[in-house]
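> Once you have looked at the hints, place chain H on chain L.
Residue strings, one per chain:
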Amino acid sequence: MKYHFKLLLSAGVLATSLGIQGAHAAKTSMTIALQLEPPHLDPTSAAAGAIDSVLYSNVFEGLTRFASDGAVIPGLAKSWEISEDGTEYIFHLNSAVTFHDGSTMDANDVKFSLDRARAEDSTNAQKALFSGIKNVEVLASDKVKVTLASPNGSFLFNMAWGDAVIVAPETIDDIKTNPVGTGAFKFSNWVQGDKIELLRNEEYWGKPAHLETATFKFISDPSAAFSAMMAQDIDAFAGFPAPENLAQFESDSRFQVLVGNTEGETILSTNNKMPPLDNVKVRKAIAHAIDRQAIIDGAMFGYGTPIGTHFAPHHPDYVDLKANSNYDPELAKKLLSEAGFSEGFTTTLKLPPPSYARRGGEIIASQLRAVGIETEISNLEWAQWLEEVFRGKDYGLTIVSHTEPMDIGIYARPEYYFQYDSSEFQAVIKALNAESNPQKRSDLLRKAQRIISDDYVNGYLFELAFPTVANAKIMGLWENAPTQATDLTDVKWAD
Amino acid sequence: MIKYFFRRLFTFVLSLALASIVIFSLVEIAPGDPASFMLGINAQPDTIAALRSELGLDQPKINRYFDWIGGMLTGDFGISYTYRTNVTEMVGDRLWVSLPLALYALFLSTVIAIPTGIYAAAKRGKTGDFAVISATQLGIAIPNFWFAIILVGIFAIKLQWFSAGGFSGWKDGLFNGITSLTLPAIALALPQAAILSRVMRSALIETLGEDYIRTARAKGLSSAQTIWTHALRNALIPVLTIIGLQFSFLLAGAIIIEQVFYLPGLGRLVFQAITQRDLIVVESVVMLLVFAVILVNFIVDITYMLVDPRLRQDSI
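Chains as they are written, first to last, in my numbering: chain L, 1 to 495; chain H, 1 to 316.
Derived by calculation from the structure, the hints in this document are not laboratory data.
Possibly wrong hints are sitting among the right ones.
Claimed, not checked - Below, in silico cross-link-like pairs of lysine-lysine (DSBU-like), each with a Cα-Cα straight-line distance of 35 Å or less:
#1 Lys273/L x Lys61/H
#2 Lys176/L x Lys171/H
#3 Lys333/L x Lys281/L
#4 Lys78/L x Lys207/L
#5 Lys473/L x Lys158/H
#6 Lys171/H x Lys127/L
#7 Lys430/L x Lys134/L
#8 Lys281/L x Lys334/L
#9 Lys473/L x Lys430/L
#10 Lys430/L x Lys143/L
#11 Lys171/H x Lys473/L
#12 Lys393/L x Lys61/H
#13 Lys145/L x Lys281/L
#14 Lys492/L x Lys158/H
#15 Lys176/L x Lys61/H
#16 Lys143/L x Lys78/L
Stated by the list, open to error - Here are some chain H residues the structure puts well away from chain L; computed CB gaps all over 10 Å:
#17 Ser223
#18 Leu236
#19 Gly244
Said to hold, decoys possible - Stretch-level coverage of chain H by chain L, calculated; a stretch enters the list once three of its residues show a Cβ under 8 Å from a Cβ in chain L:
#20 36-47
#21 77-86
#22 144-155
#23 162-172
#24 266-273
For every residue, glycine included, the Cβ atom is placed at its ideal position computed from N, Cα and C.
With the rest of the complex left out, here is chain L (with noise of 0.2 Å):
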């Protein structure tokens, strides 16, 4: 705010000297709010999505990208050739690309990125991004061949993610604290628990940024979240934390409000493996017991797109099942004492920190409760979920967002915390991994949708939205969040 009182009053000084009447510069300058503060600046090295909210497509790149429609789209390799069997991927890079400390870009970090994202003492969070990759071979200065093992449809999918950025070895070792990469903003300086400072790359290789500085600032508390944005010290705030405020700012002409979709499939996980939940009819009762629309409404004051399956509704390929989990209590009670539990049964329903799962819950508790289910609640810390359900599978049912983009081949790990073990879909999302034909992987996609609706794995509740709250004058924010970022390679004020 004050920055912007001086900013005006230097134009407003050097307008009046020049004698220029009514000139006005657009300002270069933005002060961004989010939630969570980055535990360090590495995306190659930490499953925190607030390291890709401040740096993806900002400060580092990778060789595909999303768009802001999730499609994926040319990063740093400008194209690419896929052979026959499509197990090997040739791709060109863009010449002229330099790291922000001056030196080139070229083939042999992608060898170096991709290397030590798969090495065996590897600390990237999704590992299993490079699993595939059998080998990394440098062509020429600007071509890299990299061979699967075997044909993977995802790969260029997979390439976009904010792990797989490009990154150099002569800076690595400072990564954490001073990320060097190729992206359109510097990083410039982090003052450690408050701010995050970037500068406009002036020697960008693409189309340089409007915005001169940005500053993202972190702010976790919901209610410092509405002052700080009504008291305009921050001039947006990307996932705003308070949905009750939404409405507030809405009808007051200083701010717009954008509520985008996510890649968050927001469910009642279900421990397959424990009794009486590995009764199929059980499960199903559970589904036909919830009202999507009242959690949506109670927990998440209206925000959120009602799902059926584990899948983002928004993509080509989402099948809308809804119908076969729809509210119906009295259905739920038949199915629960044809199943041997016309007295109901107890269950633990464990809630991490999130309001759509403490909210959730307790929407949902009651719910079960109208059907003779009864929930023992215990709020748990992330580190404690993390623990207690999700590696010790200690728990009947919990509420979880799985925010990863694309993520149904998860019910094909018999291992993972659902422990949901079938043959059919594994097979299915063997095939799908092989197949590099659109129609027939569309195809797969939604067969593998049907049959975890079908087999009622999980309660599926909503899509997260994600709402940002901005000042009236500011264009070209993502409006949805196809992968955790905060893009501001196109934001600029209205003049």
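Just chain H, lined up with the frame of chain L:
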């Protein structure tokens, strides 16, 4: 006297050693693994094992305990698991926010509490006293975070006199720094002032009932003169004790206020470190706070000895 000093010193060192064992065990027993937390739900077991070994978490607990203690003795608190920077530096940076905030709040609380406490004691049983008692009752009852939200609503959103939070560091000038800490300091100070004011009032009333006060009045001093020259100095002793206690509370207890005003202070650091299972940061910061409290106590014990001649005899 020497014996007394060494006994206190021994207690000081023993308390620190015990505290370090308790802190280390509690933090280690708490469920949750920092490596799993950092790598999230898609990580493969071998990746987690690789990170655990990189962080040194695969070492036996006893080795890690002695590494930690050994490091601390030389001023090296280790490297944060999540931030990957030196804990000593991190704590140092955060202290530049938390320490001035605590001092500022303490200053405000003292400046408000002492005059109101004296005023109430002087007017005891009258309307003025009643007003102070009611106000302090309210001050104690209102939680400081709620008060903080109200302050932000009025002074940041409505009047726009202050920003709603954040602290950009002392580099932007002393005035800017103080301005950004003003609302948080008021929010922290008022409940403390309410308590302190009550302590001041009752201590002064008690002193005013002493024989030497009656003597002072009998020799012809006015009520005000008696309070200023005789009663106040004696009544300040319990007040100072409370101020000392409040300081450690303000330094360690500002976690919620730091969240509400998103200040990069020690409280917020500990809060984040606990959620992320950044064990080494939690252990070190808690140990540092314990050290500060024990050190203050030690100094107070030694001061007692200097003040109270009876303690200087070696028989005690």
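> Take the hints in turn and mark each one as holding or not.
Consistency of the hints with the structure:
no., hint, in the structure
1, Lys273/L x Lys61/H, "holds (34 Å)"
2, Lys176/L x Lys171/H, "holds (24 Å)"
3, Lys333/L x Lys281/L, "holds (11 Å)"
4, Lys78/L x Lys207/L, "holds (14 Å)"
5, Lys473/L x Lys158/H, "holds (21 Å)"
6, Lys171/H x Lys127/L, "violated (41 Å)"
7, Lys430/L x Lys134/L, "holds (18 Å)"
8, Lys281/L x Lys334/L, "holds (10 Å)"
9, Lys473/L x Lys430/L, "violated (48 Å)"
10, Lys430/L x Lys143/L, "holds (30 Å)"
11, Lys171/H x Lys473/L, "holds (30 Å)"
12, Lys393/L x Lys61/H, "holds (25 Å)"
13, Lys145/L x Lys281/L, "violated (50 Å)"
14, Lys492/L x Lys158/H, "holds (28 Å)"
15, Lys176/L x Lys61/H, "holds (26 Å)"
16, Lys143/L x Lys78/L, "holds (10 Å)"
17, Ser223, "holds (47 Å)"
18, Leu236, "holds (37 Å)"
19, Gly244, "holds (28 Å)"
20, 36-47, "holds (count 11)"
21, 77-86, "holds (count 4)"
22, 144-155, "holds (count 3)"
23, 162-172, "holds (count 7)"
24, 266-273, "holds (count 3)"
When each numbered hint is compared with the structure, violations occur for hints 6, 9, 13.
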